Amino acid sequence: MDIYAENILDHSRHPRQKVPIAKPSIAHTENNPSCGDTLSLELKIEKGKIADAGWNGSGCALSQAGTSILLENIAGMKVEDAATLSPKTMRDLLGVPLTTRRLQCGFLPLLTLRNALRKRRKEIPLTWAELLEEDSH
Amino acid sequence: MERFCIQEKSLAEREHKAPQKSLSAWYAGTLMALPISAIRAQFPILNRTEKLIYLDTAASAQKPEVVLRAMDTFSRSGYGNVHRGMHPLAERATDAYEGARNAVRRFIGAAHADEIIFQKNCTEAINLVAKSWARKNLKRGDTVALSLLEHHSNIVPWLQLKEEIGISVAWIDIDDEGNVKMKELDSILAGGNVRLVSVTGQSNVLGTRPPLREIIVKAHAAGALVCIDAAQLAGHHPIDVQKLDCDFLTFTGHKPYGPTGIGVLYARRALLREMPPFLGGGMMIREVKRDGFSAADSPQKFEAGTPPIVEAVGLHAAIDWLTQYPWKDIEEHEAHLLKVAAETLATVPGLRILGHFGTILDFQNNESTNQRINESSGCLSFIINNIHPHDLTALLGQEGFCLRAGHHCTQPLHERLGIPASTRLSVGIYNTEEEIRSIGPAIARAIKRLTA
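Those protein sequence lines, which keep their order, are chains A and B. This note's numbering runs 40 ahead of the 1-based position in the first sequence. This note's numbering runs 106 ahead of the 1-based position in the second sequence.
Keep in mind the hints are simulated off the structure, nothing from the lab. Be aware that a few hints might be false.
Unchecked claim - Simulated restraints on C-beta separations:
(1) B/Lys395 <-> A/Thr124: 47 to 57 Å
(2) A/Lys128 <-> B/Asp346: 49 to 59 Å
(3) B/Gly524 <-> A/Lys128: 33 to 43 Å
(4) B/Asp351 <-> A/Val59: 52 to 62 Å
(5) A/Asp50 <-> B/Ala550: 19 to 29 Å
(6) B/Asn492 <-> A/Met117: 50 to 60 Å
(7) B/Pro382 <-> A/Lys162: 50 to 60 Å
(8) A/Val59 <-> B/Arg458: 39 to 49 Å
(9) B/Leu385 <-> A/Thr78: 31 to 41 Å
(10) B/Arg392 <-> A/Thr124: 54 to 64 Å
Said to hold, decoys possible - Negatives, chain B to chain A, calculated, CB over 10 Å:
(11) Ser143
(12) Leu158
(13) Trp277
(14) Glu320
(15) Gly329
(16) Lys349
(17) Arg379
(18) Met389
(19) Asp435
(20) Asn491
No experiment lies behind these values; they were computed from the predicted model shown. Idealized CB from N, CA, C, for every residue including glycine.
Please take these sequences and the hints and turn them into a complete structure.
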């Protein structure tokens with residue numbers, strides 16, 4: 041099985057929630073420094089849960105599909121759970137093997153989500169090195 | 107992903123195809139074009155059973171057996187630290203390292219060995235110019251002019267200097283084909299405070315080769331020095347710094363079939379004499395006291411610490427290997443490959459080639475097309491509607507095709523072209539027409555997979 045599995049191709053061709061949302065609580069943008077993927081995320085947080093999420097961005101099928109899949113799965117999630125969502129969970133959501141060169145494509149949605157929530161708590165952003173170190177454990 | 111069983115052909119088997127000594131002797135007397143099969147046989151990585159079509163030489167070149175063997179042999183029998191010690195290995199190593207310096211001097215036509223400074227790579231060499239020459243000689247309001255073709259290594263050091271001391275960075279625009287707009291260079295120079303023009307000898311995205319001699323004449327007339335980033339040019343065309351009359355020129359070892367870890371700065375003797383050291387440490391000093399130091403002369407002044415000794419030996423071997431082939435044959439071979447690439451890619455629906463090669467189908471085999479093809483070298487880049495370069499190159503990679511995707515360290519160029527990323531196909535001396543033609547169907551398969 042390679043990364044261009046049906047679910048990835050489907051989500052990249054028909055990305056869910058790729059729209060702005062009304063009155064976002066927080067907005068954050070990240071990009072993949074190895075190449076040209078960018079992601080802007082908007083989250084609406086109500087009563088400690090993710091009430092709505094929207095995004096925009098351009099990039100490879102994996103990063104676009106990953107964002108679409110991730111946002112479907114965090115709907116209604118408690119903020120503290122979303123803030124600590126792990127690389128392992130992201131891998132499970134993608135359901136395809138990630139080679140070294142595609143790690144940043146696959147984890148871009150995760151990094152953007154976690155840094156959006158860190159920004160909301162006025163914490164310093166997570167770096168790629170820190171995220172990839174979490175992944176290796 | 108399928109894994110092939112990988113086996114190396116034995117060295118003897120490969121040597122039988124391309125006996126080193128007699129090949130050079132035989133070849134030297136012929137008028138034939140490059141012996142491509144014999145050349146390919148000399149590259150171990152291209153002779154594995156694994157299918158590899160390597161079209162990423164602009165990122166880095168593969169190494170021929172003689173380069174690998176030279177470094178290995180030196181490490182086994184001649185290795186020691188250089189310029190230190192009086193023992194036999196110190197002698198051998200120093201001779202090898204300085205011998206490499208002289209080989210580089212001849213390779214680029216420099217007059218003096220002390221005008222050749224070894225660094226880690228081309229990026230470090232450009233940084234040396236920025237942080238030594240420019241930081242000392244430029245002040246707030248002075249201008250450095252760059253073209254929009256430039257690689258980040260020839261952009262960021264100047265932007266850093268802008269942050270540090272307030273120099274201005276002026277941009278020479280390009281047209282939609284990638285040609286540097288010479289009239290814009292003229293008006294920037296007419297502004298009166300340009301101290302340096304720093305341009306590429308060959309674009310790593312479009313393959314465009316700016317008219318260096320013309321740029322140098324104009325810059326000098328306006329009182330500006332010129333730095334040439336020859337990272338892509340070296341290994342594809344001959345370089346003669348005295349004929350060019352440039353003030354600085356930089357390149358790296360790993361693109362002209364040498365090892366990583368070594369780069370070159372060429373600079374005029376008079377400039378180097380006045381430039382302050384870059385990195386400080388051992389070797390670059392004359393005297394060190396508790397309260398101060400004095401610097402050595404060039405080239406040692408700019409080579410602090412233990413240098414890349416083994417890599418210098420490798421670069422020397424690469425230069426010797428490459429220069430056995432007439433430049434005209436190399437240039438014709440690579441120009442032909444790029445023409446075939448443009449023709450092959452032009453058949454893919456929704457694919458647009460950037461730069462010169464994008465216009466190839468507008469003209470059919472006439473003089474002006476051929477001339478214009480020759481203005482670009484080394485690579486071409488393209489985009490395909492609704493297909494991201496990452497996905498394309500990942501799928502091509504599954505079939506063994508090695509191409510590069512992204513912005514290729516040229517974000518300002520991509521912004522000028524109005525695209526977030528592109529796919530680059532680049533050629534080296536070892537590529538064949540068959541390899542290039544086979545990529546057409548592979549791209550079609552990838553597109554089908556991604557859009558089905």
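Open item on the list: Using Cβ atoms and 10 Å as the threshold, tell me whether B/Gly329 really stays out of contact range of chain A.
Closed with: Label holds. Min Cβ-Cβ 38 Å, cutoff 10 Å.
Open item on the list: Against the range 50 to 60 Å, how does the distance between the Cβ atoms of B/Pro382 and A/Lys162 compare: consistent or not?
Closed with: Given range 50 to 60 Å: violated, Cβ gap about 43 Å.
Task: A/Asp50 versus B/Ala550 beta-carbon gap, inside 19 to 29 Å or not - done: Holds, since A/Asp50 and B/Ala550 (Cβ atoms, about 22 Å apart) stay within the stated range.
Task: Beyond 10 Å from each Cβ of chain A, as asserted for B/Met389 - done: For B/Met389, whose nearest Cβ neighbour in chain A is about 33 Å away, the distance exceeds 10 Å, so it holds.
Task: Given as non-interface: B/Glu320, partner chain A, CB spacing beyond 10 Å - done: 33 Å, holds
Open item on the list: The hint says 52 to 62 Å between B/Asp351 and A/Val59; measuring C-beta to C-beta, is that right?
Closed with: Hint holds: Cβ distance 58 Å, inside 52 to 62 Å.
TODO: Examine each Cβ of chain A, and state whether all of them lie more than 10 Å from the Cβ of B/Asn491.
DONE: Given a closest Cβ separation of 13 Å, the condition holds.
Task: Supplied distance hint 33 to 43 Å, evaluated on CB atoms of B/Gly524 and A/Lys128 - done: 39 Å, holds
Task: Status of the stated non-contact between B/Ser143 and chain A (beta carbon gap over 10 Å) - done: Check passes; 32 Å lies beyond 10 Å.
Task: B/Trp277 non-interfacial with respect to chain A [C-beta, more than 10 Å] - done: 21 Å, holds
Task: Reported absence of B/Asp435 from the contact zone with chain A (all CB gaps over 10 Å) - done: Holds, because the least Cβ-Cβ distance between B/Asp435 and chain A comes to about 35 Å, which exceeds 10 Å.
Task: Distance restraint evaluation - B/Leu385, A/Thr78, Cβ atoms, bounds 31 to 41 Å - done: 36 Å, holds
Comparing the model with each numbered hint stated earlier shows that hints 6, 7, 8 do not hold.
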